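**Student:** The chain contents come next:
Number of protein chains: 2
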Amino acid sequence: MSSDRIIQVERDILGKNDRLAADNRARFRADDVLAFNLVSSPGAGKTTLLARAVSELKDNCPIGVIEGDQQTSNDAERIRATGVPAVQVNTGKGCHLDAAMIGEAYDRLPRLNGGILFIENVGNLVCPAAFDLGEACKIVVLSTTEGEDKPLKYPNMFAVSSLMLINKIDLAPVLDFDLARTIEYARRVNPKIEVLTLSARTGEGFAAFYAWIRKRAEKARAASLSAVSA
Amino acid sequence: MSSDRIIQVERDILGKNDRLAADNRARFRADDVLAFNLVSSPGAGKTTLLARAVSELKDNCPIGVIEGDQQTSNDAERIRATGVPAVQVNTGKGCHLDAAMIGEAYDRLPRLNGGILFIENVGNLVCPAAFDLGEACKIVVLSTTEGEDKPLKYPNMFAVSSLMLINKIDLAPVLDFDLARTIEYARRVNPKIEVLTLSARTGEGFAAFYAWIRKRAEKARAASLSAVSA
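Each protein sequence line maps, in turn, to chains A and B. The first sequence begins at 4 in the numbering used here and counts up one residue at a time. The second sequence begins at 4 in the numbering used here and counts up one residue at a time.
One should not assume that every hint holds.
Since the list gives no way to pick one copy over another, a pair counts as held whenever it fits inside one copy or between any two copies.
To be verified - Listed next, the in silico DSSO-like pairs over lysine-lysine satisfying Cα-Cα at most 27 Å (straight line):
1. 222 x 195
2. 61 x 195
3. 19 x 96
4. 195 x 96
5. 222 x 61
6. 61 x 218
7. 218 x 96
8. 222 x 96
9. 218 x 195
These are calculated hints, taken from the structure and not from any lab test. If you're wondering where the values come from, they're calculated on a predicted model, not measured in any experiment.
With the hints as constraints, model all of the structure from the sequences given.
**Tutor:** Written out as structure tokens, the structure is:
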């Protein structure tokens, strides 16, 4: 097969995905739902991070979670154990969630009006970068155990993310992890990326993460109000 | 685009890759080169592991390394610093190495006759599972920091690998890592997978890894001799 034909097929797939992502985004806006797309390597700690966050935030507003994995419903079960609704999407051989999967999974969640939808993507620092799901923004989780150079080696993912959460910060001293260098590398590929450090195991840094979410929610509401009054 | 058309395109891509992988495999056999395809999540420690292995093995036989990453030539430079030749392949937006890339990179290495070619794939537990590079076998590196459940959540990769190297075993006590459970999960998706534990940082477990490589080399040579005499 010619590489021109491969490129055309890729364009068709991404074009269709972008249209469905725009539909999702319109639905989230109509429902006043703030959607975050969490991306990372396998094992960066997204589910542990989310389980803690949703159990600490669930009394403030409606929360729902969509979990993506090739196989198993382990992650959705871990979220449900906190009392928050979660839908598992299994991608089989697939390496990322797409907008169609999110549209269908969102239908299966209870109404989240005025609340937050967390989407946990398949653990993969490459492919999910190319797929808009209709989220307000992507949050990339990098754990201290992965090393400082990941933003340079997987630049697309860090370029499309608004926030980098550096997880497992409690292990940083054991690992000689260089935080300043990691942030410098991330800003080299995305000068505007925001950075927070936390530990999903100890809870360190979560208050700042929640403050960041509140700020995002206020910004989204202000944008939505000005769109209405315009 | 219809999903039938997507499936046909995937088949075309994989079919072409398989033909080129067979060419690579024939070249490796003709050169008496044992090729290993190392796969893992980003940050599992493949490069640190390889840098130690090649510097400890390089006096025994010719060794070459092909390094895959989306961006940077950091890894090839780390290998070259040990005195072993390395070629960097940058995949750009791509999420895996393919057989064509390996054929071209192999041409750029010095002759490795009677030796070992290590291929370090792009850090990705999903996509590289589908792409044969012509290797003798895939070695999946899982680090203790990633958690026990990865073989169940990313089963394809563990199903196609002959050996699972559990890296960062020195951190296991800090992490409450459950080794027996991890092995049980890996064998659930691949009953024949072999398992070794090691620490690329401390060197623990490397002697057993080298013994495993020697056994593989003897097996490959015996198979090749019996093919000649048949």
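**Student:** None of the hints should be skipped; say for each whether it holds.
**Tutor:** Against the structure, the hints:
1. 222 x 195: For residue 222 and residue 195, the Cα distance is within 27 Å only inside one copy (17 Å; across copies 54 Å).
2. 61 x 195: neither (29 Å within a copy, 44 Å between copies)
3. 19 x 96: both (20 Å within a copy, 19 Å between copies)
4. 195 x 96: Intra 34 Å, inter 21 Å, cutoff 27 Å: inter-copy only.
5. 222 x 61: within (20 Å within a copy, 58 Å between copies)
6. 61 x 218: within (17 Å within a copy, 55 Å between copies)
7. 218 x 96: Neither way: residue 218 and residue 96 sit 37 Å apart in one copy and 32 Å across, limit 27 Å.
8. 222 x 96: neither (37 Å within a copy, 32 Å between copies)
9. 218 x 195: Within one copy only: 16 Å inside a chain, 51 Å across chains, cut-off 27 Å.
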